[in-house]
Amino acid sequence: MTRVLVVATYPIKNAQHGGQRRVSAIVEAYRNIFTEARFVSVFPPDYYQHYSKTDIAVRGKTRKQSTDSPYTGDITCGLAIYEDPYVKQRFTKLLKEYQPDILQIEQVFPYLGIKPLLKELGMSPKIILSSHNIEYTQKLEILENSGFAHEAKDASKIIKVCETDMAKNADLTVAVSQDDADKLIQLGGKNVVVAPNGIEKLQLSESSKDYWSIYKQKHALRNFVTFVGSAHPPNWHGFLAMVGEAVGFVPPDTRLVLAGSISDYFKDNIKDLTPEHATFWNRVIAAGRLSDDRLTGLINSSEVLLLPITEGGGSNLKTAEAILSGKKIVATSYAFRSFEQYLDLPNIYMSDSPDEYKKLIVKAVHAPYEERTIEQIKLAEQVQWKYCLKPMLEGAKGL
Numbered sequence: 001m002t003r004v005l006v007v008a009t010y011p012i013k014n015a016q017h018g019g020q021r022r023v024s025a026i027v028e029a030y031r032n033i034f035t036e037a038r039f040v041s042v043f044p045p046d047y048y049q050h051y052s053k054t055d056i057a058v059r060g061k062t063r064k065q066s067t068d069s070p071y072t073g074d075i076t077c078g079l080a081i082y083e084d085p086y087v088k089q090r091f092t093k094l095l096k097e098y099q100p101d102i103l104q105i106e107q108v109f110p111y112l113g114i115k116p117l118l119k120e121l122g123m124s125p126k127i128i129l130s131s132h133n134i135e136y137t138q139k140l141e142i143l144e145n146s147g148f149a150h151e152a153k154d155a156s157k158i159i160k161v162c163e164t165d166m167a168k169n170a171d172l173t174v175a176v177s178q179d180d181a182d183k184l185i186q187l188g189g190k191n192v193v194v195a196p197n198g199i200e201k202l203q204l205s206e207s208s209k210d211y212w213s214i215y216k217q218k219h220a221l222r223n224f225v226t227f228v229g230s231a232h233p234p235n236w237h238g239f240l241a242m243v244g245e246a247v248g249f250v251p252p253d254t255r256l257v258l259a260g261s262i263s264d265y266f267k268d269n270i271k272d273l274t275p276e277h278a279t280f281w282n283r284v285i286a287a288g289r290l291s292d293d294r295l296t297g298l299i300n301s302s303e304v305l306l307l308p309i310t311e312g313g314g315s316n317l318k319t320a321e322a323i324l325s326g327k328k329i330v331a332t333s334y335a336f337r338s339f340e341q342y343l344d345l346p347n348i349y350m351s352d353s354p355d356e357y358k359k360l361i362v363k364a365v366h367a368p369y370e371e372r373t374i375e376q377i378k379l380a381e382q383v384q385w386k387y388c389l390k391p392m393l394e395g396a397k398g399l
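Using our numbering, read the sequence shown as starting at 1 and increasing by one per residue.
Calculated directly from the structure, the hints in this document are not laboratory data.
Treat the hints with care, as some may be off.
As the list claims (entries may be wrong) - Distance ranges between label pairs, derived from CB positions:
#	residue 1	residue 2	range
1	Asn145	Glu83	23 to 33 Å
2	Glu83	Asn269	50 to 60 Å
3	Glu370	Ser333	13 to 23 Å
4	Ile214	Lys153	26 to 36 Å
5	Ser146	Tyr86	20 to 30 Å
6	Ile377	Ser146	50 to 60 Å
7	Glu394	Gly188	35 to 45 Å
To be verified - Okay, derived cross-link-like pairs now, SDA-like style, lysine to any residue, Cα gap no bigger than 20 Å in a straight line:
#	residue 1	residue 2
8	Lys359	Lys271
9	Lys64	Phe148
10	Lys271	Arg294
11	Lys115	Arg3
12	Lys115	Gly147
13	Lys115	Glu144
14	Lys157	Asp171
15	Lys96	Lys190
16	Lys93	Pro116
17	Lys209	Gly122
18	Lys115	Gln99
19	Lys115	Leu95
20	Lys88	Gly60
21	Lys201	Gln382
22	Lys190	Asp165
23	Lys216	Lys115
24	Lys96	Pro116
25	Lys168	Gly147
26	Lys61	Tyr71
27	Lys216	Lys271
28	Lys13	Met1
29	Lys327	Glu381
30	Lys209	Glu303
31	Lys61	Tyr47
32	Lys126	Asn191
33	Lys271	Ala246
34	Lys157	Leu140
35	Lys397	Met1
36	Lys183	Thr137
37	Lys386	Lys61
38	Lys327	Lys271
39	Lys88	Leu140
40	Lys201	Lys190
Keep in mind that this is a model prediction, so the values were computed, not measured.
The C-beta atom is built at its ideal place from N, Cα and C for all residues, glycine as well.
Work the whole structure out from these sequences, hints included.
Written as structure tokens, this is what we have:
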């Protein structure tokens with residue numbers, strides 16, 4: 001009889017961003033192999049509309065602190081597990097009642113408060129570090145590029161101490177790429193496995209397929225070139241670096257479609273009437289946050305999927321999505337980190353030069369589609385969660 005508790009600094013109900021989707025898949029997988037698996041988040045409610053009653057929304061001063069410094073809100077929420085009286089009381093009650101045998105920490109931050117709380121309670125469950133990135137370098141990069149450089153060094157130091165501590169002392173460490181695994185081993189990790197990011201295969205509905213077909217007909221469009229992403233800084237940094245705001249190179253019968261909360265970034269930041277920006281909205285559609293069904297239809301209706309990622313850690317869940325879709329892909333080499341075994345699949349165009357990247361978008365739109373062989377189809381299927389999470393599940397069962 002094994003009880004698992006998975007902890008994160010964001011809820012996973014109606015999962016949208018990559019971290020949520022990964023953790024949701026992990027919890028579901030644990031429920032298939034263990035007696036019981038529960039999930040709890042300690043999170044700032046200002047950023048998440050959907051959450052479960054068992055999740056713990058921070059409030060008062062902790063909530064204000066997380067909204068005043070949004071890029072360090074995960075640190076704030078992690079510390080709150082021990083330092084915020086309300087959160088500590090809720091979390092303590094959960095630990096005492098549930099008595100987890102395994103406690104899995106997603107993205108290290110919850111451990112800031114969990115470690116001293118476990119010591120105070122005299123509890124010693126097996127600990128799994130579920131790493132999505134090398135967080136101390138990722139946080140430094142995000143803060144320095146997002147107007148919060150004054151917080152970067154202190155935040156990075158706090159995380160590095162915690163991340164090193166966890167890597168050294170966790171009973172199992174899960175990385176999303178071999179590169180991350182090597183870095184975690186350098187930090188002192190001993191039992192380290194790689195469980196790459198994956199994707200759930202969704203079924204295409206006729207209604208969603210028809211929706212985008214009608215949209216194209218109504219607006220006299222032939223092609224969609226689609227970029228799916230959250231408003232996570234590496235996503236819009238990459239788009240601006242590789243595609244940019246001057247999108248007149250896109251053919252008149254083609255639209256760049258932005259799906260996900262990355263749409264919000266561009267709607268908020270590209271809205272003046274400069275000639276460049278006018279051209280931008282003549283060639284770009286901000287589709288916004290879509291249901292899984294509507295997003296599946298969009299991807300199916302797209303001729304090309306973009307992966308213009310130039311920074312960030314871990315591996316890109318959207319790369320898995322693009323591989324499984326079978327669509328033509330225009331990517332940077334960075335976007336395929338931990339997915340290198342799929343680079344020989346047909347219809348993949350790659351460049352790290354912005355000028356060449358733009359040319360490849362146009363080339364991919366007009367290029368004939370090369371069908372995958374049976375072997376290539378089977379290979380692409382390996383990006384599904386049920387295959388990607390196997391090393392983690394085997395490692396957890398062995399604790």
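Subject >> Satisfaction of hint between Asp165 and Lys190, Cα-Cα up to 20 Å >> reply: Answer holds: Lys190 to Asp165 is near 12 Å, not above 20 Å.
Subject >> Hint consistency between Lys327 and Glu381 [alpha-carbon to alpha-carbon, up to 20 Å] >> reply: Holds, because 14 Å separates the two Cα atoms, which is no more than 20 Å.
Original post:
Given the proposed pairing of Lys157 with Leu140, does the C-alpha separation stay at or below 20 Å?
Top reply: Holds: Lys157 and Leu140 sit about 9 Å apart, inside 20 Å.
**OP:** Measure nothing beyond the straight line between the CA atoms of Lys88 and Leu140; if it is 20 Å or shorter, mark the hint as holding.
**Re:** violated, 28 Å
Original post:
Straight-line Cα separation of Lys216 and Lys271 no greater than 20 Å?
Top reply: violated, 24 Å
**OP:** For the pair we were handed, Lys327 and Lys271, check the Cα-Cα distance against 20 Å.
**Re:** violated, 31 Å
**OP:** Compare the distance between the alpha carbons of Lys201 and Lys190 with 20 Å, and conclude whether the hinted pair is satisfied.
**Re:** violated, 33 Å
**OP:** Starting from Lys115, check that the Cα of Glu144 is at most 20 Å away, please.
**Re:** violated, 28 Å
Original post:
Within a Cα-Cα threshold of 20 Å, do Lys201 and Gln382 meet the stated pairing?
Top reply: Holds: Lys201 and Gln382 sit about 11 Å apart, inside 20 Å.
Subject >> Lys153 and Ile214 - C-beta distance against the hinted 26 to 36 Å >> reply: Taking Cβ atoms as reference, Ile214 and Lys153 lie about 52 Å apart, which means the hint is violated.
Subject >> Supplied distance hint 23 to 33 Å, evaluated on CB atoms of Asn145 and Glu83 >> reply: Since Asn145 and Glu83 have Cβ atoms about 28 Å apart, the given range 23 to 33 Å holds.
Original post:
Given the hint that Lys359 pairs with Lys271, does the C-alpha gap stay at or below 20 Å?
Top reply: violated, 26 Å
Taken one by one, the earlier hints fail for this structure at numbers 2, 4, 6, 7, 8, 10, 12, 13, 14, 15, 17, 23, 25, 27, 28, 37, 38, 39 and 40, listed in ascending order.
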